[in-house]
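K.L.:
What follows is each chain in one-letter form.
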Amino acid sequence: MKTQSYKLRTFYLSLFFVILYVPILSVVLYSFNKNPSTAQWTGFTLDWYRELFSDRIILESFKVSMIVAILTSIFSAILGTASAIIAIYVTKKMEKAINGLMLLPLLVPEVALGVSLLLFFSSMRLPFGYMTLVLSHSLFCVPYVYIMVQLRLKEIDNSIIEAAKDLGAARWQIIKTIILPLVFPSIITSSLLSLAMSLDDVVISTYMSGPTSTTLPVHVFSMMRVGVTPKVNALCTLILLGTFFIIGISEVFSKKNSKKEEEEVD
Amino acid sequence: MVDMKKFKQNAPAIPILVWFGILVGIPLIFVVILSFLSRDELGNIVVRFTLDNYKRIFDPIYIKVFINSLFLATLTSFITMIIGYPVAYFTANLEKKKKALAILLIMLPFWISSLLRTYGWIILLGNTGLVNNLLIGFNIIDKPLSMMYKFSTILTGTAYMLIPFMIIAIYNSVDKLDRSLLEASYDLGAGKWKTFFKITLPLTIPGIAGGFTLVFIPSLGLFFISDLLGGGKNIFLGNLINSLITKGRNKPLAAAFSVGMIIMVLIVLFIYSRLVKRNTGGADENSII
Numbered sequence: 011m012k013t014q015s016y017k018l019r020t021f022y023l024s025l026f027f028v029i030l031y032v033p034i035l036s037v038v039l040y041s042f043n044k045n046p047s048t049a050q051w052t053g054f055t056l057d058w059y060r061e062l063f064s065d066r067i068i069l070e071s072f073k074v075s076m077i078v079a080i081l082t083s084i085f086s087a088i089l090g091t092a093s094a095i096i097a098i099y100v101t102k103k104m105e106k107a108i109n110g111l112m113l114l115p116l117l118v119p120e121v122a123l124g125v126s127l128l129l130f131f132s133s134m135r136l137p138f139g140y141m142t143l144v145l146s147h148s149l150f151c152v153p154y155v156y157i158m159v160q161l162r163l164k165e166i167d168n169s170i171i172e173a174a175k176d177l178g179a180a181r182w183q184i185i186k187t188i189i190l191p192l193v194f195p196s197i198i199t200s201s202l203l204s205l206a207m208s209l210d211d212v213v214i215s216t217y218m219s220g221p222t223s224t225t226l227p228v229h230v231f232s233m234m235r236v237g238v239t240p241k242v243n244a245l246c247t248l249i250l251l252g253t254f255f256i257i258g259i260s261e262v263f264s265k266k267n268s269k270k271e272e273e274e275v276d
Numbered sequence: 046m047v048d049m050k051k052f053k054q055n056a057p058a059i060p061i062l063v064w065f066g067i068l069v070g071i072p073l074i075f076v077v078i079l080s081f082l083s084r085d086e087l088g089n090i091v092v093r094f095t096l097d098n099y100k101r102i103f104d105p106i107y108i109k110v111f112i113n114s115l116f117l118a119t120l121t122s123f124i125t126m127i128i129g130y131p132v133a134y135f136t137a138n139l140e141k142k143k144k145a146l147a148i149l150l151i152m153l154p155f156w157i158s159s160l161l162r163t164y165g166w167i168i169l170l171g172n173t174g175l176v177n178n179l180l181i182g183f184n185i186i187d188k189p190l191s192m193m194y195k196f197s198t199i200l201t202g203t204a205y206m207l208i209p210f211m212i213i214a215i216y217n218s219v220d221k222l223d224r225s226l227l228e229a230s231y232d233l234g235a236g237k238w239k240t241f242f243k244i245t246l247p248l249t250i251p252g253i254a255g256g257f258t259l260v261f262i263p264s265l266g267l268f269f270i271s272d273l274l275g276g277g278k279n280i281f282l283g284n285l286i287n288s289l290i291t292k293g294r295n296k297p298l299a300a301a302f303s304v305g306m307i308i309m310v311l312i313v314l315f316i317y318s319r320l321v322k323r324n325t326g327g328a329d330e331n332s333i334i
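As they're listed, the protein sequences go chains Y and W. Just so we're on the same page, my numbering is the position in the first sequence counted from 1, plus 10. Just so we're on the same page, my numbering is the position in the second sequence counted from 1, plus 45.
One chain only, chain Y, in its complex shape:
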């Protein structure tokens, strides 16, 4: 009886994970296909990758995406962390208000958020480009940094901060020497997540891109609309590799930190 339900469990989970990853793996697989159609597998090639690197529009939009993503993640890290720390010092009511505000951009569907920002920025006559992209991306990245840093802050042993206070440390000294070093790993992980989210955003970027600043996902989307070509597969595969690279860095950081903590406990 027990082994039977165990088998069912293993079967169901395995089936689910296979279906979860088959679409992703098949994109990777067909990026190496010589035949431009998915109808037949005619042999292994790297031609599609070569073609990518000579496509100026793709390289240009990749550059735009990288600049926007890096600026967004730095900006969100600062704003999200500052908000999380400020939230400890304000009244309970204000903390609740900040929590609610942080959820707001995540609860409004992206299309509605994008349209509202488009209408607002264009009526303010702000030029569409890097600035509008970074501002709008930080809107959905700041909340993640805020939530992740706040979770870490709640784990901090209050007696350390009380002790520092008793020893006469000023508020900013406590923040600088105790709080920031303790939440640092969360800041790194959440800004890497921001980097990945900014690099991936299609919906809001569609409205925020300027005439000379199309982001990579917006361009990829327009390529996909035209049809299936192995070039898109190759591009997607490279993006996937980039994503894994970012995840790898964030894993290294969180591992390093948990080790450090274990040592401290010993």
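Everything labelled a hint here was simulated from the structure, so no lab data went into it. It should be emphasised that the depicted structure is a prediction, and the values quoted were computed from it without experimental measurement. Don't take each hint at face value.
Listed below are the simulated DMTMM-like cross-link pairs for lysine to aspartate or glutamate, each with C-alpha atoms no more than 20 Å apart in a straight line [unchecked claim]:
(1) W:K195 - W:D85
(2) W:K143 - Y:E261
(3) W:K144 - Y:E261
(4) W:K239 - W:E228
(5) Y:K103 - W:D48
(6) Y:K102 - W:D272
(7) W:K141 - Y:E261
(8) W:K50 - Y:E105
(9) W:K142 - Y:E261
Chain W: place on chain Y using the hints.
P.N.:
Chain W alone, transformed into the frame defined by chain Y:
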């Protein structure tokens, strides 16, 4: 007299409030105002109050778009719940190492480009796609099945995109479950299924409600999925707003539809908060939303 001490304590929060006020509050108010304005023949906005945009929403063609979107979002939520619940339940019962691996596998797609994950289904389901190739290769069919550009294709893509949210929400509530309650139920002679339906399921309703909300809201607006997998045959609210803005240049009408979409979200959030309150007696302030 304003409480000066409290004001001083809250002063550092003012920049945060201003930031969100300018980037979320004002744009949203802007959309609401714009939805009551008209436009001239060239598509320029004219400051003249009108209810025409809202009257047009109730045009039968547009009502159908609303119903389509509502149907897609509801069905997506149900499907992800039915497929995702066992995943969450089984994962919560795995031993520690396997559990960590399973959670990693569930969370990993969050990081992976959503365009890539949608495109994968085109590679799989197209007329010359992998599924058709395999079926023809094994002589199961002799003509390719047409699986693209259907409502069910869009449903598959949307459910696939959002199922990690549902699983994580349910997993959190299954994992928190007090095991002694289940043991008590077994000791009292209840069977496996009875224990599940009488204890596990009711106690995980807040998780299910949270998952519903997290799936329902984004599924209203992911226009690129229906564009790529539906080929523009089925029109949803997200596509409509998008094409009104980018092609139709009818900003006031797009604003009215955005307001309609936000109202749908508010209704869902209201139902969610009611459900969670009823099931936890309002005690659970740390519920996921």
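K.L.:
Hints first: check each against the structure and report whether it holds.
P.N.:
Hints and how they fare:
no., hint, in the structure
1, W:K195 - W:D85, "violated, 37 Å"
2, W:K143 - Y:E261, "holds, 18 Å"
3, W:K144 - Y:E261, "holds, 17 Å"
4, W:K239 - W:E228, "holds, 13 Å"
5, Y:K103 - W:D48, "holds, 14 Å"
6, Y:K102 - W:D272, "violated, 45 Å"
7, W:K141 - Y:E261, "holds, 19 Å"
8, W:K50 - Y:E105, "holds, 16 Å"
9, W:K142 - Y:E261, "holds, 17 Å"
The structure is inconsistent with the numbered hints 1, 6, although it conforms to all the rest.
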